[in-house]
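Chain by chain, the residues run as shown.
2 protein chains.
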Amino acid sequence: MIDVEEAKRFVLSELLALPSTGMTLVDALGCVASDEILAHEAVPGFANSSMDGFALRSADTATGQATLIVAGALLAGDAPSRYVEPRHAVRIMTGAPLPEGADCVCMIEQTVVDSDTGTVAISRSVPVGENVRYAGEDVKVGQTLVGAGDELDAIRLGVLAGQGFATVSAVSRPRVAVISTGNELVSSGGALRYGEIRDTNRPTLLGLLREAGCTPIDVGAVRDEYDVIRSTFERIAEECDAIISTGGVSVGDVDHVKGVITELGGTDARSMQVAVRPGKPFAFGRIGSRRVPAFGLPGNPVSTRVSYELFVRPALRMLGGHRAIERLSVDAVLDEALKRSSDGKLHVVHACARIHDDGRVHIESVVRPGSHLMSAVAGANALLMLPNSDGIARGETVRAIILSAEALARRDEAR
Amino acid sequence: MIDVEEAKRFVLSELLALPSTGMTLVDALGCVASDEILAHEAVPGFANSSMDGFALRSADTATGQATLIVAGALLAGDAPSRYVEPRHAVRIMTGAPLPEGADCVCMIEQTVVDSDTGTVAISRSVPVGENVRYAGEDVKVGQTLVGAGDELDAIRLGVLAGQGFATVSAVSRPRVAVISTGNELVSSGGALRYGEIRDTNRPTLLGLLREAGCTPIDVGAVRDEYDVIRSTFERIAEECDAIISTGGVSVGDVDHVKGVITELGGTDARSMQVAVRPGKPFAFGRIGSRRVPAFGLPGNPVSTRVSYELFVRPALRMLGGHRAIERLSVDAVLDEALKRSSDGKLHVVHACARIHDDGRVHIESVVRPGSHLMSAVAGANALLMLPNSDGIARGETVRAIILSAEALARRDEAR
Numbered sequence: 001m002i003d004v005e006e007a008k009r010f011v012l013s014e015l016l017a018l019p020s021t022g023m024t025l026v027d028a029l030g031c032v033a034s035d036e037i038l039a040h041e042a043v044p045g046f047a048n049s050s051m052d053g054f055a056l057r058s059a060d061t062a063t064g065q066a067t068l069i070v071a072g073a074l075l076a077g078d079a080p081s082r083y084v085e086p087r088h089a090v091r092i093m094t095g096a097p098l099p100e101g102a103d104c105v106c107m108i109e110q111t112v113v114d115s116d117t118g119t120v121a122i123s124r125s126v127p128v129g130e131n132v133r134y135a136g137e138d139v140k141v142g143q144t145l146v147g148a149g150d151e152l153d154a155i156r157l158g159v160l161a162g163q164g165f166a167t168v169s170a171v172s173r174p175r176v177a178v179i180s181t182g183n184e185l186v187s188s189g190g191a192l193r194y195g196e197i198r199d200t201n202r203p204t205l206l207g208l209l210r211e212a213g214c215t216p217i218d219v220g221a222v223r224d225e226y227d228v229i230r231s232t233f234e235r236i237a238e239e240c241d242a243i244i245s246t247g248g249v250s251v252g253d254v255d256h257v258k259g260v261i262t263e264l265g266g267t268d269a270r271s272m273q274v275a276v277r278p279g280k281p282f283a284f285g286r287i288g289s290r291r292v293p294a295f296g297l298p299g300n301p302v303s304t305r306v307s308y309e310l311f312v313r314p315a316l317r318m319l320g321g322h323r324a325i326e327r328l329s330v331d332a333v334l335d336e337a338l339k340r341s342s343d344g345k346l347h348v349v350h351a352c353a354r355i356h357d358d359g360r361v362h363i364e365s366v367v368r369p370g371s372h373l374m375s376a377v378a379g380a381n382a383l384l385m386l387p388n389s390d391g392i393a394r395g396e397t398v399r400a401i402i403l404s405a406e407a408l409a410r411r412d413e414a415r
Numbered sequence: 001m002i003d004v005e006e007a008k009r010f011v012l013s014e015l016l017a018l019p020s021t022g023m024t025l026v027d028a029l030g031c032v033a034s035d036e037i038l039a040h041e042a043v044p045g046f047a048n049s050s051m052d053g054f055a056l057r058s059a060d061t062a063t064g065q066a067t068l069i070v071a072g073a074l075l076a077g078d079a080p081s082r083y084v085e086p087r088h089a090v091r092i093m094t095g096a097p098l099p100e101g102a103d104c105v106c107m108i109e110q111t112v113v114d115s116d117t118g119t120v121a122i123s124r125s126v127p128v129g130e131n132v133r134y135a136g137e138d139v140k141v142g143q144t145l146v147g148a149g150d151e152l153d154a155i156r157l158g159v160l161a162g163q164g165f166a167t168v169s170a171v172s173r174p175r176v177a178v179i180s181t182g183n184e185l186v187s188s189g190g191a192l193r194y195g196e197i198r199d200t201n202r203p204t205l206l207g208l209l210r211e212a213g214c215t216p217i218d219v220g221a222v223r224d225e226y227d228v229i230r231s232t233f234e235r236i237a238e239e240c241d242a243i244i245s246t247g248g249v250s251v252g253d254v255d256h257v258k259g260v261i262t263e264l265g266g267t268d269a270r271s272m273q274v275a276v277r278p279g280k281p282f283a284f285g286r287i288g289s290r291r292v293p294a295f296g297l298p299g300n301p302v303s304t305r306v307s308y309e310l311f312v313r314p315a316l317r318m319l320g321g322h323r324a325i326e327r328l329s330v331d332a333v334l335d336e337a338l339k340r341s342s343d344g345k346l347h348v349v350h351a352c353a354r355i356h357d358d359g360r361v362h363i364e365s366v367v368r369p370g371s372h373l374m375s376a377v378a379g380a381n382a383l384l385m386l387p388n389s390d391g392i393a394r395g396e397t398v399r400a401i402i403l404s405a406e407a408l409a410r411r412d413e414a415r
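Read top to bottom, the protein sequences are chains A and B.
In this text, residue positions in the first sequence follow our numbering: the first is 1, and each later residue adds one.
In this text, residue positions in the second sequence follow our numbering: the first is 1, and each later residue adds one.
There's no promise every hint is true.
[As the list claims (entries may be wrong)] In silico DSSO-like cross-links for lysine-lysine, where the CA-CA straight-line distance does not exceed 30 Å:
(1) B:Lys280 <-> A:Lys280
(2) B:Lys339 <-> A:Lys140
(3) A:Lys339 <-> A:Lys140
(4) A:Lys339 <-> A:Lys8
(5) A:Lys140 <-> B:Lys140
(6) B:Lys280 <-> B:Lys8
(7) B:Lys8 <-> B:Lys339
(8) B:Lys339 <-> B:Lys280
(9) A:Lys280 <-> A:Lys339
(10) A:Lys339 <-> B:Lys140
No wet-lab data here; the hints were simulated from the structure.
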């Protein structure tokens with residue numbers, strides 16, 4: 001038996017980010033920039049008004065009282081055709097270019113317009129630069145817009161669009177193949193024969209992959225036959241960036257996946273017994289001409305989920321080029337004592353966590369352990385990491401991996 | 001001027017979840033179940049083994065020493081054709097049906113098989129039910145699988161797939177139209193003329209909407225002409241569930257959006273000055289035959305983002321039927337004093353937040369305020385809510401809306 005950290009190091013040790021590729025800004029949402037991106041345009045490109053008001057010369061308002069001649073108006077998008085003479089002002093809208101001659105903008109709420117005389121009265125001294133956004137104030141040419149390794153979220157994509165970029169070089173989105181193994185599995189909705197069960201692992205993993213920003217490839221369910229499993233792995237390894245299979249890694253007579261992974265993965269591949277509950281059996285190797293990482297997860301749905309969180313998701317984040325490969329984890333306060341037996345293993349327990357008034361994350365309830373109770377873990381928003389011990393007292397803290405940050409919110413909003 | 005909470009109540013007061021519709025499980029990821037969904041199949045459907053080992057009669061091991069005749073093997077997916085006689089055992093793989101006669105499974109690691117005599121020796125007393133999963137242990141017929149209002153995440157979709165569901169009734173995914181207004185806006189990547197700027201709001205909002213699980217509709221940029229804006233709003237209101245426009249809500253001569261929203265929205269629509277910085281001008285009304293909510297946001301990109309977070313995103317979550325309409329917010333500790341002026345407004349400031357060893361969220365740095373500095377706010381993972389005051393001392397707490405939970409992680413993992 002090896003411990004979780006060693007198994008994880010084994011998985012992650014030689015993984016690198018996937019090659020980068022050019023993609024449209026739309027396609028890049030959630031991907032990671034492969035290179036630093038520098039600004040090639042100043043933003044704004046020209047001095048402009050940040051307010052609706054009047055562009056004028058600050059000196060004309062030095063006494064705190066001024067009546068200026070209104071000399072036209074400038075809208076956003078207009079070319080700055082006007083020149084502002086002394087004792088004149090130009091009506092200006094937010095975003096319109098500051099006309100030559102003017103050096104400040106007085107906001108409209110601080111002016112009194114007399115349309116009969118064509119003048120505007122201002123009863124304060126307006127400093128130079130007031131309500132002016134100067135060229136390059138937001139972005140200077142040559143400035144870093146996005147760093148290599150930064151995640152391209154909506155804000156960064158907006159910044160790039162604001163520079164006229166239509167495409168960006170980003171780490172490829174991992175294409176991840178999902179295979180279920182087992183003679184007992186049924187994928188369609190028809191009636192079950194005795195001994196058959198429906199495949200829950202594959203739809204769950206396909207959803208988890210989409211949640212993680214990967215492109216899932218549904219390979220389907222294959223029967224417990226060594227040659228079929230082997231040829232499926234060999235074929236799919238040429239078409240994807242990672243393979244996740246479930247079932248076939250334990251000590252049963254037809255647990256062929258571990259053999260396939262260790263055969264195809266060569267001397268670097270391993271079939272392991274990990275000191276974790278659930279999720280003990282686990283196989284990992286890199287297969288095919290592109291040395292695609294292949295994960296053999298246990299077949300029990302909750303075990304699959306735990307193994308996915310411990311080993312697969314961090315690896316996929318690494319393939320995607322992310323700096324932060326781990327989910328948020330926090331030291332959470334136990335609101336009830338937690339029983340566990342001392343068995344040398346890390347226990348991973350689904351739980352419901354909430355932020356309380358003390359600003360700490362509290363564990364309000366824990367899902368009864370039992371590696372096949374998938375319906376019971378629906379709704380849990382945290383995975384507790386319980387190192388070997390005889391139990392943990394109320395009020396002590398445990399490490400909790402947060403699966404849904406929004407669900408930590410102190411209370412649901414009333415509708 | 002009205003305060004943020006009043007403006008928000010005005011937006012949310014009469015919004016309801018969108019109608020529900022049948023969708024495939026794949027399409028439903030992230031949507032909200034509209035009805036309670038009950039189990040129509042027990043899971044597992046039959047008693048089966050949770051371990052690889054031998055199915056046997058507990059009574060045969062009562063003395064703590066037994067040598068049993070091996071009577072065949074059962075794989076997962078096999079029909080349970082065998083009957084286990086007294087003093088017999090059947091080799092059984094995980095997931096295979098427990099054969100009649102047997103009442104427990106001894107795991108393979110606790111047995112010694114003698115293939116010469118066709119027997120298996122067991123040196124312990126195996127209790128009834130050990131390593132047996134009974135029918136209905138995970139899910140009983142009639143049990144609630146998913147509650148009305150539950151979000152259909154990967155786990156819940158896996159549970160539904162495990163019951164043979166191919167479709168689910170869920171609240172429709174909001175289709176949200178995004179319109180930019182402004183003569184100065186350029187959407188393509190070509191050279192800019194003086195006075196023109198590139199449209200950053202639309203690509204940013206389209207990305208934020210995808211991050212929020214909505215279906216964005218890109219309406220493009222329209223010029224500052226009342227009739228064009230009006231006809232665009234009227235047309236698009238028939239094709240979407242919500243409209244977000246940027247620009248045209250302030251006090252400029254061509255700020256037509258507020259007029260369009262209040263005209264089309266009738267007496268229930270309002271153009272507001274909200275006591276918040278940035279994000280003061282804001283218009284909201286419900287327009288068209290379907291009374292689609294229409295949001296008029298300010299044109300400055302950072303103002304747009306703040307208004308989106310304060311008013312739009314909670315409303316879209318409500319349309320989507322979510323119980324938790326707010327992002328995670330926490331009381332965060334200020335690591336540096338925060339200056340602000342007392343102006344009667346809520347100030348909303350982008351910041352970088354991290355969880356420290358004390359388990360609390362700390363604000364490590366704050367983005368210099370300035371409503372148009374979009375590139376500066378890229379990378380921020382929190383929005384601080386600073387009520388009116390003359391500043392906040394180091395060590396005090398402020399309310400922080402968390403924009404990216406993963407970025408709260410204490411440290412980035414080394415690659």
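The hints, checked one at a time:
Distance restraint check for lysine 280 of chain B and lysine 280 of chain A: the Cα-Cα separation of roughly 56 Å exceeds the 30 Å cut-off, and the hinted pair is therefore not satisfied. Between lysine 339 of chain B and lysine 140 of chain A the CA atoms are separated by roughly 26 Å; this keeps the pair inside 30 Å, and the hint holds. Restraint check for lysine 339 of chain A and lysine 140 of chain A: the C-alpha separation of about 59 Å exceeds 30 Å, so the hint is violated. In summary, the hint linking lysine 339 of chain A to lysine 8 of chain A is supported, as the alpha carbons are separated by about 26 Å, within the 30 Å threshold.
At roughly 63 Å between alpha-carbon atoms, lysine 140 of chain A and lysine 140 of chain B are farther apart than 30 Å, so this suggested pair is violated. For the suggested pair lysine 280 of chain B and lysine 8 of chain B, the alpha carbons sit about 13 Å apart, so the restraint of at most 30 Å is met. Taken as a hint, the lysine 8 of chain B and lysine 339 of chain B pair is honoured in the structure, with Cα atoms around 26 Å apart against an allowance of 30 Å. About 20 Å separates the Cα atoms of lysine 339 of chain B and lysine 280 of chain B, which keeps this hinted pair within 30 Å; it holds.
Of the supplied pair hints, the one linking lysine 280 of chain A and lysine 339 of chain A holds, its CA atoms being roughly 20 Å apart against a limit of 30 Å. Restraint check for lysine 339 of chain A and lysine 140 of chain B: satisfied, since their Cα atoms lie roughly 26 Å apart, inside the 30 Å limit.
The structure is inconsistent with the numbered hints 1, 3 and 5, although it conforms to all the rest.
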